[in-house]
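Using the sequences and the hints, build the whole thing.
Line by line, the protein sequences give chains A, B, C, D, E and F.
For the numbering used here, add 19 to where a residue sits in the first sequence, where the first one is 1.
For the numbering used here, add 190 to where a residue sits in the second sequence, where the first one is 1.
For the numbering used here, add 219 to where a residue sits in the third sequence, where the first one is 1.
For the numbering used here, add 25 to where a residue sits in the fourth sequence, where the first one is 1.
For the numbering used here, add 659 to where a residue sits in the fifth sequence, where the first one is 1.
For the numbering used here, add 764 to where a residue sits in the sixth sequence, where the first one is 1.
Hints listed in this document are in silico derivations from the structure and should not be mistaken for laboratory results.
Take the hints with a grain of salt, since some may be wrong.
Unchecked claim - Think about it this way: if two alpha-carbon atoms lie no more than 30 Å apart in a straight line, the pair counts; the simulated DSS-like pairs of lysine-lysine are:
no., chain 1, residue 1, chain 2, residue 2
1, E, Lys933, A, Lys47
2, A, Lys165, A, Lys175
3, D, Lys30, D, Lys101
4, E, Lys743, D, Lys38
Stated by the list, open to error - To spell it out: a stretch of chain C is covered by chain B in this simulated footprint if at least three of its residues, at any positions, have a beta carbon under 8 Å from a beta carbon of chain B; those stretches are:
no., stretch
5, 225-238
6, 304-312
Ideal Cβ placement from N, Cα and C applies to all residues, glycine included.
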Amino acid sequence: MDYFKNIFESAATVFEGLTITASHMFRKPITIQYPDRTLSPVIEMLPSRYRGFLEVDMKICTGCTLCMQACPIQCINIEIAKKTPSPQPSPSRGEGDGGGVPMRLITKFNIDIALCMFCGLCTEPCPTGAIRFSKRFENATEDINKLMFKFVEEGKPVAPYKKSSG
Amino acid sequence: MIQQLSLLFPMLPMWLVQAIWCGVVAVLLLTFFSLFAGPVSWLERRIAGRIMSRIGPNRVGPQGIIQWLADGVKNFLKEDLIPRDADKILFRFAPYPVFLGVTLTLVTLPFSSLLIGADLNVGLLYIVGAWGLVVIGLIAAGWSSNNKWTLLGGMRSAAQMISYEIPLVLSLLVVVLMSGSLSLQTIISSQGASPVEWFIFSNPFAFIAFVIFMISAVAEGNRTPFDLPEAESELVAGYNTEYSGMRFLFFFFAEWGNLYVIGALAASLFLGGWQIPAGWRNFASAQGPILPHVFEVLMFQLKTWIWVLLIIQLRWTLPRLRVDQLMKVSWKYLTPFAFVSIVGTGLWMVVFPEGWLFMKYLLLFSMLAVIGYFVWRAIWQLRFTKSKADFKLIV
Amino acid sequence: MLNDFALVLIFAVLGILFIFGSLLAGSFLRPKNPNPVKSEIYECGEPSKGSGWINFNMRFYLIALIFVIFDVEAALMFPVAAVFKKWLLSGNGILALAEIGLFVLILAAGLLYVWVKKDLDWAKKVVSD
Amino acid sequence: MIKEKFTFAEEVKPQAGGGWYLVPADKIVEVCKTLRDDYKFDCLSCLTGIDLVDYFEVVYHLFSYSEKKPLVLKVKLEKQSSTMPSVSAIWPSANWMEREVFDLLGIKFENHPDLRRIMLPEDWAGHPLQKSYKEPEEYCGMSTKR
Amino acid sequence: MIRTEEMTISMGPQHPATHGVLRFIVKTDGEVLHEVKPDVGYLHRSMEKIAEKVGYISFQPYTDRIDYVCAMTCNHAYAMAVEKAAGISAPERAEYLRVIASELNRISSHLIMAGVMAMDIGAFTPFIHAIRERETVNDLFEMLCGARLTYNYVRIGGVSFDAPANFKEKCVEFLNHFEPIIDEFNRLISFNKIYVERLANVGVVSREDAIAYNLVGPNLRGSGVRFDVRKDIPYSIYPKIDFNVPVGIGEAGKVGDCYDRYMIRIREMKESCKIVRQALEQMPEGEIMAKVPRKIKPPVTEVYSRCESARGDMGFYLVSDGTDKPYRLKIRTGSFSAMSIVEKIAPGLMIADLVAFISSLDVVAPEVDR
Amino acid sequence: MLTLYKQLPNFILTTKLDELLNWCRKSSVWYMLFATACCGIELMQTGGPRCDWDRFGAVPRSTPRQSDLMIIAGTISYKMAVCTRRLYDQMPDPKYVIAMGSCANCGGLFKHSYSVLKGIDKVMPVDIYVPGCPPRPEALTDGLLKLQEKMQKEKFLRS
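Right, dumping it as structure tokens:
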């Protein structure tokens, strides 16, 4: 009796499976046709909290290096030079260098995106929200050096942001 | 045909005309085969995509329709590897029987009452024999690679194909009983255009034979649920693990070519082949000598493609059997039933020499009822999850 | 009739030429950079141990043996089946049916024998050392 | 309860966290067998080692599914010998755990059926979870520096 | 007498059935296996050593990578361990969010398991359907914390983000959509005769073996042991929530076969839906983060905390020496012990069964190797 | 014949032929089913319905013999690196490598680890680096498109 039950069960379940796959032929695919055939660019569809590549707003960076300390893998590299102020105002922020006081300049702010693990530990201690996640996610490249994001151009140091002055 | 041709070219010897004619037919069939196997691979991917809620190839050419061409050219340009420890001669030899085994069957497939490569009087036996070549190729591929996965794949394919050849041949016997001939044209012409004149509905045993035929043909074609020889999750890629580039492509070719052969055989043996209703034939004959054949070809293609599509859908629905279950299905289920259907058909023909019309209609309508239930059930499935099927969170 | 088989032959020859030709044409275009690791046997990323050519399990041969018996007998039935309809029309249907039935019965008995002997079961223990 | 049966077991109760029993290395098989058979600790849920610079500690987290309660055993092991009996005959799950401890800490288990490295390649040098472990400069020609 | 030779095949590290980088050295005479030796360590990433180097807070993102398929529960287990050691307790709303996240992640993890299982048996479509549903869960997580796979959401002392504005509605919408999908999935594959036949009576793990080999979670319950950390060693807000623990009953074959283990996961997905619904209803307003110092320095102590991950009882054994870095962190995972039982059960199975057996254990390679 | 062809100067026919062949090659990138860690899940999702690499003609093959592209999806330990290199070697030419995610790019967050290879480019040439941990499927698709651009620019027959 099991013999015929097996045949019947096989036929019935195969039939059931076929109806499901048949019904799927009449459903819309859920594919988002990245990159070009989407209603709006994928980057705009992402939720506001999306953790894409890190970006730094150098205008409000205080140079406190808290993010550098928070990063478990040291993928953020900040170098700060202590300088006595030059007679000329500093290139990026012209006014308001209290003359005479030793000034800190951010000479290097590199984020190694190839190394970054997008954990978000660096954005949390930032006092001004200068370091934050953008929604950008596409940066495939043939050259791994292009994955080093440099927020301070070489030779053009940036003066850190001060709450009192801004 | 050949007589007329030789009249056209009186200066050429008869055998040469014949040879040229045969060559032309062969080239046409090969071209047809290639042109079938390629696009059907694209079609399969699109259908599979739909079943899986995705799209499938749509970038290469309009809607991705020349995807298969790109695949072909790419494999053509791919390095051809032969492992150092492999049996090199056998390794090179293996694709030939696989490819030929499938393509040779095309010679006897009747596309219309006229369009047939060669109407062999042993047609069915020939097809079975030619199909048998495939297994030689698969074993050769499995054995020659000196790789354990391919060996397992080759052995599995051997066990599977020989096991399923028995029910296949036995189910073909039922057709032979009913038609009294092995020639495919005769088999088709002893059926009619109307469904009740088809062999599949002539008696319940013939219907069983048809089911057995379909199952074992799918197994012969190494399609899911019988794709053990190339079981991807178990044997990496089965017998063709070591094959790359063009040689691999021939195995692929054969797989999709097989689809057509299965569909065409099912159509011509059980479903009346190219038979068209008399009304259509009269209408078409009035328009000229070509049109009836066009209708016939279209009818044949229609019947074939239904099975091709069904087998494709089956592949993307079912899981795969295990080796012992595979053997069990063949020897313990299909073969006994094939015996029953042979004797039953014979008995039926003795008892009802003219056929029993009621039973034919009963079978036809129960088939229609199953199809109707299928459609209803599919719509039910659609509605069961439909309201949420387009659910997208961020788009 | 012989014409038809000529077609088969020519078809076969053309098919072989098709494969051979495309492989040959490809050999002019495709790259060839052999290296010792590349021509090793693939085994999931580990070096392959031992040869793949071994005395394989008997079960496969057993199935082959059963197959040969059944296939030959099935082939023998083709001629009988082909003339069955003629016999039927000439009124000898019952005789023909009895013949076919007897033949199938013998075949089925064979199958039953193999079945009961459990030679169809894959997992049957095979003596090995 | 274990205290009554085994006088040599020393109960340790730190201020924070649960306590454990300190068992001499050579008695561990006996203790474990009794715990499994008589006290229904049918599962060894975690076995690990700690390198405490001066000595090793091997920690056994037992669990009883029938009574749903845990028990912790500890064994102190001198660094010189760093050999102790294996409990893999009592709980089969100890087999792999002991192999892991051997691999990463270098503690050898006697009577273990198959004491090989499990995580690291066979030709790896050193036992990385030891506090004194220094990372090699290269392995199989691959530099380990970035 | 014809001699049958054994052949030794290396199955993996790159093999479609070994999900990742497991390796099995298989001795077989064709189809039936005589001996299977798992070889692990291809993904040994030295998590435990890293924990000793980077400190308590910095180690949090690493816990995502221990079990990437179900990262939330790993986060949760680790956070619980450190909280226990340092004497921090998370606010109630955070606990609710943790449970919601964990259960959603359990759904997505079991989806992967069910899909991969179907794929290993040869059906490709259910796998893609599972992936499709998983995408939606990922969308929910993306809304919640901005990442799809490595969340770093559950933190020591709370969670990193509060639920966004329409999170509850989206969650309920997803659950309403998902529950019928499970039924459809079942009709498509779980009840399929071929599928049932492939899994029933295959790789039977007896109750005694399961306990002795320290199987945990669904694998243990598949063998008929009613034990769930959420029920029996309650943590977080699970005591407040009403849910069932499915146990293997051998519905298609013997208790403890592959089909039991598979069906338990399917049932657990439904239970998880139930839990998420309840948690969403009960969730109070309030803080999501307790006061946590910038450098956590637990007292000298040791803690063993257990948490029900998708792969079962996940234990973090934490030894602290009073500094801001763990002295020793041992991660006890379910997959590790599940792998060790393969050696015991596999002989006598066929190659195809081994594939099914491995995927029914739901082994995730980095959890084995860490 | 090929050597003869290689000596031909660049003219319209050869460049067009190259373009055509490259177009075919780039439209049919079969990638190897090879995933080690977290990125493997995203690789699955990439082949899944939301992102669907099949659109570009990219399908997974499980044997290296039939694949053109190896996606290093996840952490490679030293034990695995040996196998990975062997698998790479066993792929027939022309072959390409995408390093997916931080671990494959440069060791990523396992830079503190003693057993993880710091960057797959130490053992094999890498064509495209995809940043992310793990990269979302769209980012990986971006990598594939960049690879296709690269393939299109190659001089296949005259390299």
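Within the stretch 304-312 of chain C, is the number of residues with a Cβ closer than 8 Å to a Cβ of chain B three or more? Held - the stretch 304-312 of chain C has 4 residues with a Cβ nearer than 8 Å to chain B, which meets the minimum of three.
Straight-line Cα separation of E:Lys933 and A:Lys47 no greater than 30 Å? 29 Å, holds
Between E:Lys743 and D:Lys38, is the straight-line Cα distance small enough, at 30 Å or below? Answer holds: E:Lys743 to D:Lys38 is near 16 Å, not above 30 Å.
For the pair supplied as a hint, D:Lys30 and D:Lys101, confirm whether the alpha-carbon distance does not exceed 30 Å. Satisfied, since the Cα-Cα distance of roughly 20 Å is no more than 30 Å.
Straight-line Cα separation of A:Lys165 and A:Lys175 no greater than 30 Å? OK: A:Lys165 and A:Lys175 at ~19 Å, within 30 Å.
Can the stretch 225-238 of chain C be counted as covered by chain B under the rule of three residues or more with Cβ-Cβ separation shorter than 8 Å? Holds, because 11 residues of the stretch 225-238 of chain C bring their Cβ atoms closer than 8 Å to Cβ atoms of chain B.
Violated hints: none; the structure is consistent with every hint.
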